[in-house]
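Undergrad: Protein chains in written order, with our numbering: chain R, 989 to 1291; chain D, -18 to 276.
Since the hints were derived computationally from the structure, they do not count as laboratory data. It is possible that part of the hints are untrue.
Which chain D residues face chain R? A few, computed with CB under 10 Å, are given here [to be verified]:
| no. | residue |
| --- | --- |
| 1 | F25 |
| 2 | V87 |
| 3 | L110 |
| 4 | L146 |
| 5 | R168 |
| 6 | L175 |
A virtual CB, placed ideally from N, CA and C, is assigned to each residue, including glycine.
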Amino acid sequence: MTEMTGATSADSAGAARPARRPLRLPTTWIGIAPFAAFAVLFLILPTLNIVLGAFRTPEGAFTLGNLAGLFTPQILGPFWISIKLSLISAGLGCLFGLLLAAAVTRGGLPPAIRSALMTFSGVASQFAGVPLAFAFIATLGRLGLVTVLLNELFGIRLMALGFNLITFTGLVLTYLYFQIPLMVLIITPALDGLKREWREAAESLGATGAQYWRMVALPVLWPSLLGTFALLFANSFGAVATAMALTGSSLSIAPIILFAQIRGDVLGNPHLGYAVAFGMIVITGLANLAYILLRARAERWLK
Amino acid sequence: MTVQDLSPRAPVAGPVPGSLPAPGPGRRFRPNLASPKVWSWIAFVLGLLYFFLPLIGMFEFSLRARRGEYSFDAYRNVLSDPQFVATFSYSVVMALCTIVLGVLIVAPTAFWVRLKLPWLRPYVEFVTLLPLVIPPIVIVFGYIRLYNTSSWLPMTGTAMGTNILLMFGYATLSLPYMYRAVDTGLRTIDVGTLTEAAQSLGAGWGTILGRIILPNVLVSILSGAFLTFAIVIGEYVLAALLNRPAFGPYMVWMGGNRAYEPAALAVIAFTITWACMGLIQLATRLSKHNRVERR
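So that you can see chain D by itself, here it is in the shape it has in the complex:
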């Protein structure tokens, strides 16, 4: 066993620092074209070019607004545009409302299913994955048919009603991510024991959820929340078809009417996505730190 384990590596004098197991019996330290390591670097560099050129291009383009020199004029124009301020704050408020709604729907459900209806879990999970299967444009088409002014629940009749419909639509789009995040969080804690312990101390369901379960899965909820934020802030189809003044339709309008400002908007949107993902990583790291400390 030991001999067989070692024999293929025998020709190699010692492990290359940071490298995985020897790729082939004929490997040498001198890089040659047959070595996977060379190809790996080539793949990596090509990937780097493909993924970073558009980011550099986008940034460079956004600086070109003034003829002959680089400037932040495009950003200045965008940030001072009242339309930008209005649509961006609309989308931020929308994203925050969606997060609250999503947490209120998902957290109690995931908790309850784990505690009382475990056999229902695959079915609930299936439903939460449906928004990945049904294209968003079809879902919003359904909303327009179902909740138009001549229907039983005329939500699109008023601006507020449409806002609420849009919020529920966003909650639907983010449902797969939110549910997965919360359910993964719940898996790491003993829901049954925590609930019984709380009950035996006289806690009601509100206390159990708000003061026992939520704090324990806060990091998972935050991950879901940041992802929801990133999704909602740049969303286009739902907002455009429901005729709401959100950031996504504003970006498309700018794309058709301005030259350099769209690139500046893209940089802003990309920064927001990065920030959200960064915050998810940060939250996850902090939670690991906490877990270790607690033990």
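Just chain R, same shape as in the assembly:
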């Protein structure tokens, strides 16, 4: 807060701002200097360092060789698993989240259920990482509650049916635990934005409930849905801790490869590690760009 005190003198000149802006700029900027320094040192420079490293040889010369190295089976494989995992968990998260949100906003459930769901979603969307993996191991793992109960009560042996938590399917099932609540949190306001008049107008013109959803509600919701999908995609793409605690390192997804690379240069080329990190930034960046663009479109209807 001391830097604020230092800016006191700037304020007396503050009134004349529009007229003499160029002269005053430096003093006004002191106010955000701490934030700027923090952002540059701990967010922008570290990221730039990685991005630039992806285009450099160990000797410091410019190269595209590292990026070309991404397109080898050793790297493409994990990236592809990561993308599939994110696509599927985001898609299912969107679908089930929408159903739950629609059930509490439109489906005639008691209002108490709605507020309980919103509160729970706030918690569950933050309940990711290591503890979440433990919860699923305790439930669907080899000795988990559901596994044991299904076996004792109905004689269903999940393992014999080919289900294993420490696989791609298990990871999707686990990721949904934070994906669905995130979807509920974001899409509920959008569902509230569907005006009652639209439904009444559709009904007075003779539309059935299904027709209303297909021809009115979904076209309006479409940008929100796609935008949230992109956000959920980025959300699961960057997740490491859940996957590591659940599968150890047996399932190679891009962040786990990067984790191993940072720990001990498993790829045998430090700059290939930069390229992997750069590839991750590009993918999450594109997903977030899609989210921002679609969100701007979605907001047109929600005023």
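Please build the complex by placing chain D on the supplied structure of chain R, with the hints as guidance.
TA: This is chain D only, laid out in the frame that chain R set:
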């Protein structure tokens, strides 16, 4: 207009208590499979099963440590483990330091941008959202490259330096949440008028921030703080890659080496998350109460 408004609802004798507008023209009171209400209940029950079974499973598993009966042995083992005490208190201290750092960085900035540089707001907001775009593992990779022992600022050279780096890393991770919370709080008060009033009474910037602005956005800051706490306490990637003895890496280590204790740790972590979110709700409710009272 009125006729059109009412006509679709005409077949319905009266509104069902607590229900939203009639879902379709052919709706009856008797539940049938075509009624959205039935499907809503089905969706809700399935959701309930999916979200509560892992919680029940986790709790049940944590009680199984003693053969043949339920007991709290796993919790006893965890709580008496010196490693648990050390890593947990490390993470708590880390979380508290991160909150202080985050508030010191975010509150003056959000205030200053609203007061003096409103045109800069979208850009600052964009920067604060970047930690959601750049995966944490990439950010910490950058830290390791930029601040290693042979760099211009060798923070990872000493334990204290690494702690500070980790704290700044956590502040970066929580930046989107903290900034949003504080900025939303500032939106509800008239920053310009309050500042001018304080200045005309002779207050300096420290007084304005500490005694006028902060108390007014305290609830927002608390929300941001509890969320930061929940994020930092179970964080794994940053602490693991910077080699600090935090609670997250300890949980992973337990996961690989013990059977029932990890479930107990998960219950503890989940309780902390719940407590933080509960406190946010409580703070928000109290503030609404205050606002009404003041008017």
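Undergrad: Against this structure, judge whether each hint is valid.
TA: Status of the hints after comparison with the structure:
{"no.": "1", "hint": "F25", "verdict": "holds, 5 Å"}
{"no.": "2", "hint": "V87", "verdict": "holds, 8 Å"}
{"no.": "3", "hint": "L110", "verdict": "holds, 8 Å"}
{"no.": "4", "hint": "L146", "verdict": "holds, 8 Å"}
{"no.": "5", "hint": "R168", "verdict": "violated, 17 Å"}
{"no.": "6", "hint": "L175", "verdict": "violated, 14 Å"}
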